[in-house]
Amino acid sequence: MKNEKCKIKNEKWKTSASSSGFHFSFFIFNFAFLQQSVLDPAGPQAARIGRLWWLMFYVEAGVFVLVGAAVLVAVFRKRKERKKSSDEPDTSPEPKRERRMTRVVTGGIIATVLILFVFLAGSFYTGRALYSTDDERALSIKVTGHQWWWDVEYDAVPASDTVRTANEIHVPVGRLVKLRLTSTDVIHSLWVPNLNGKKDLIPGHEIVLTFQADREGEFRGQCAEYCGYQHAHMGFKVVAEAPEKFYEWMNQQRAPAPEPANEAEARGREVFLKGPCVMCHSVRGTNAAGRVGPELTHLKSRTTIAAATLPNTRGHLAGWVTNSQEIKPGNNMPPVPLEPGELQALVAYLESLK
Amino acid sequence: MTKKGRAIVDVSKLPEFAFGNRGLMWWGVIGFLAIEGTMLVICFVSYFYLRDRVTDWPPPPTPLPDLLVPTVGLALLLLSVVPMHLACRAAKKLDARKTILWLVVTDIVGLAFIGVRVLAFYALNVSWDTNAYGSVVWTIIVIHTFHLVSEVIETIVITVLLAVGHTEPKYLVDATDNALYWYFIVLIWVPCYAIIFVTPRLL
Amino acid sequence: MKTETETLAVVEEEEEEVAAEQEEGEEEEVREGDLPEEEERRLLEKTWGDDPGFWGWLTSTNHKSIGRRFIITAFVFFLLGGVLAVLMRVQLARPENTFLGPDIYNQIFTMHGTTMMFLFAIPVMGAFATYLVPLMIGTRNIAFPRLAAFSYWIYLFGGITLYAFFIMNIGPDQGWFSYVPLAGPEFSPGKRVDIWSQLINFTEISALATAVEVITTVFRLRAPGLSLHRIPIFVWAMLIMSFMVVFAMPAVMTSSLFLTLDRLVGTHFYNAAEGGDPLLWQHLFWFFGHPEVYIIFIPALGYVSSIVQTFSRRKVFGYTALVLSMIATGFIGFGLWVHHMFATGLPQLGSSFFTAASMMIAIPSGTQIFCWIATLWSGRPRFKTPLVFVIGFFFIFVAGGLTGVMQASVPVDLQLHDTFFVVAHFHYVLIGGAVFPLFGAFYYWFPKFTGRMLSEGLGKLNFWLLFVGFNLTFFPMHQLGLNGMPRRVYTYPPGTGWGNLNLVATIGGVVMTLGVLTFIANVLISRRRGRVAGDNPWGADTLEWSTSSPPPSYNFQRLPVVQGREPLWVRTEDAPVVEGLRVDCREVLVTRTLDAEPDNIMALPSPSIWPLMLALAVTPTFIGSIFTPWALPAGMLLAGGALIGWGWPKPRDERCERKRVEEMTDEERRKEAARAQ
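In the order they appear, the protein sequences are chains A, U and P.
For the first sequence, position 167 (counting from the first letter as 1) is numbered 167 according to my numbering, and the numbering increases by one without interruption.
So my numbering is basically just the index in the second sequence, starting at one, shifted up by 354.
So my numbering is basically just the index in the third sequence, starting at one, shifted up by 557.
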């Protein structure tokens, strides 16, 4: 497979990534088991940033200790009280000592400048490494931010092969991924700490964020730019899987929605197509083609609903359809009043959208 | 007389008013000019920022602004500096009568210019809610007009104040500090004019 | 050529005038030195004191009355902002908490940021400047005292307006940074954002007015001998802050004007669909927003310098280095704004420039810290509460500065931006860098404000509660940010594992609250029962300590003549004083900008109701323009009327004026004109 080649471009980062677990002992509280952490990189971009971060952390910890010690010594050191009336202010300090202190202070300033220069160089080279990773073979995905969910489209030629999903980005391990970020309403920011830093989704702009996952796993991300009422509930996840599994997923997503397998599902589809759902949602293979809300063609293949707010279970789906405002107040989906029988059928149908 | 044996710096003979940067008011006026100048400069920067985002300027189908009326206005405004300067010179000589005379002339020119300014709004050929180009040129010209009107009113108030007999030197000093503001309004209009009416023809 | 009769008529007129002047005998000028000391003090008090009663309170133009009000009001807003912070901490103490819903939480965090920035931090710094700068430079009032009064009223009314709307549950909820399009007409219908942007206008006008006063006061009203290279670091700090205000605030006024226009009359500044750009807002806002941080921080450097110098009992080490580094901070502060926008996908080269600039600002900050450590090292520190707060400042501020350097780096910032790490960082620099010095300053100058000392015991307790509580609250936030917790979320799911650290932070918040309560208790107790302070309880060096505590309305019976950088420490027995200002008029001595040589005399205005009137005219204009653009012309009429009332000659001040030029002879006129050029 062609993306095999770029699987691990740079072996070096791996060692530093694995040693980051060790760094953690410096913090009292340790959540290394989380799948949402800056300090547990799962790809070269996050690893490079992590390395720069640790460089800064150690140097600055040293600086802090030195300055703190200097303050403490300066105020607590024992002094020979020269005069009895020690409250007498010193307006003409001893020139020799002043000169000595001038030298020390100058030394401190020079050290500051040198340290900053090292940081600047480190920052520049890290930045260059992060942004020069553009690759023709990169997997290009368009992500559009909405209040409060993520619309994900896998670019394809021909365009009819485009795969559209929501709040879940599947990527193959070892291949560079290029996210083209934009927004149709307000500014959002896409951030998966384990993979790379964040980039904003701004109306009228397209901003590119690249990353590469080098190990399988699910990495949680969340909107980082305050985007209104439900900013807190605008999560998503990146699912990094082996290339074979990824292409399997891709093919499955490309297919239209499965036909109802039983009567309940068929009735559910009827409820879906006749109800207000179609105004906003689309299910390929039916005439539901709304673009306002998340694509539902393969809803059940996703593990969460409501932008990574709830697990995708039958109960939660039913609750969400009936009154999503209770779960995520202020979201743009109106309550859908349904007879209990209709609701059962609708959920059965949604459950069938694998 | 107080505290025996102390040397004394006697200030009783110092002048009790002073022109230009020796007085306090001058500093206040300069401070506010700096603030308002910065505000307009930020508008200019916004103009070029917005201009930079599109290929055609003004964005089609918006037509170019007219040049004739604003240019006449610019000439008129520049002209108003002359009577203001003469008023200022008279004030510095503590000649109240001449100060009032030239201030009246300045007021008339200022009012005439406000008339021309009303026409200049039509010369823009765009509304503020058409597009971002319209928004920024309207805002620049409205901010300037706001300052212009306030300044003309202030000059009229000072003219009246002097004319009703309040010719204490302090108010003559105020007249010269007010002139500073007038010059600012005139000078800052030059870049405003250039940006609103000339730039779209060049860029 | 005048005819003889005309000349005679003139002579007769002149004679009549002389007679008239003699009749009004009590109008005679009284100058310093004309009266016995006691009587002179009484007359000075009569001239400079506020008018009696409530009316006098409304019309006061005394910098100390205004400064005191300013400080108290700003502190009240600090408490309100603090209450909001505690509410947020309670909400975040555990995952999926339902104490506050998103609607109220979003309002609260917006109000917290807006209050702390615009209603507390900027005004309180200006307030200290209003109170202390005239005293420190040895003059009797601030330049443009009526403007100072206006500045207070407009600030007060702005704050009240904002909170009135908040109490009615229509407070702003778009964040204190009001990013468009979220704050634009489409995504924030209603009036919430408009109230916010009008509040900006209120407080900006207030801050700008204060800045102009401070600049003029420092440049022109210094006591003789206090040449520019001798003014206290505190005064330098206030001067640099004021210059920053003058050039930074117009940016936010302009950007919020654009926002208001977009919302009210349909302009398209930030509308990407019509050629506008949401990023324009961010550029303009942060062009103000970053200098703003230094507007808050630089005055704190002034407090720290004063305290370090006094309590280490030696003159501060590196005066020139400190002043230059503050000026450098002021300049560099304007070149950093893009580091708030690294995530918006700007070109890499441009970003690198801002990385370099952002790191560079650590150099002057480092210089300042090193100079103070050197001062303490070679001095003999006295462990009074103000110094203890400054030592706390060193630790917290240095930590915050160091995490700031991390975020100057684009790649690292992309990870940390908009997370709790940033929340931790800026609370370290703002609370550590500004609030701790402010508490120190309050303990330091309280004796001067009130005449009584604050309790040392309670002061130390206050410090430890604040210091421990602060670190407990904000240190865990670093880790929360690294663990992926974004800012401005009203809740978070349990699976994230953020619960424990948030709980620790909430407990820290409670401890901090106890610290602030201790402070309030200390102030309330000490104001009545504190030890009487005397003129100079700390043995400090600056001029405010040479007058009584609290200072009389006229500040100094005789303006001092300054002989060195530490005026009270180097003052000789036979130090000269200024004499000859009128005692029956509010005369101040104007000196030259660089060398502070006496130049001329200026009569400042008496108490006036017009600043309040103007504020009362402007307030409904601002509020009204939220609803209709026609409020503006209506308001202009009102405000114009108030301004004319303000500027029109008052009978009370007229006797302090020179006689009218028409009444002068040509000779007199020539002479006077020549002296005034």
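What the hints contain is simulated information worked out from the structure, not anything from laboratory work.
It cannot be assumed that every hint is accurate.
[As the list claims (entries may be wrong)] Computed list of lysine-lysine pairs in DSS-like fashion (alpha-carbon distance at most 27 Å, straight line):
no. : chain 1 : residue 1 : chain 2 : residue 2
1   : U       : K446      : P       : K1207
2   : P       : K1216     : U       : K452
3   : P       : K603      : U       : K452
4   : A       : K245      : A       : K354
5   : P       : K1017     : A       : K78
6   : P       : K872      : A       : K80
7   : U       : K452      : P       : K1017
8   : P       : K872      : U       : K447
9   : A       : K142      : A       : K78
10  : A       : K78       : P       : K1207
11  : U       : K447      : P       : K1216
12  : U       : K367      : P       : K1017
13  : P       : K872      : U       : K367
14  : P       : K603      : U       : K367
15  : P       : K1228     : U       : K367
Right, here's what the structure says about each hint:
no., hint, result
1, U:K446 to P:K1207, "holds (23 Å)"
2, P:K1216 to U:K452, "holds (18 Å)"
3, P:K603 to U:K452, "violated (39 Å)"
4, A:K245 to A:K354, "holds (16 Å)"
5, P:K1017 to A:K78, "holds (22 Å)"
6, P:K872 to A:K80, "holds (19 Å)"
7, U:K452 to P:K1017, "violated (68 Å)"
8, P:K872 to U:K447, "violated (48 Å)"
9, A:K142 to A:K78, "violated (66 Å)"
10, A:K78 to P:K1207, "violated (63 Å)"
11, U:K447 to P:K1216, "holds (15 Å)"
12, U:K367 to P:K1017, "violated (52 Å)"
13, P:K872 to U:K367, "violated (36 Å)"
14, P:K603 to U:K367, "holds (24 Å)"
15, P:K1228 to U:K367, "holds (13 Å)"
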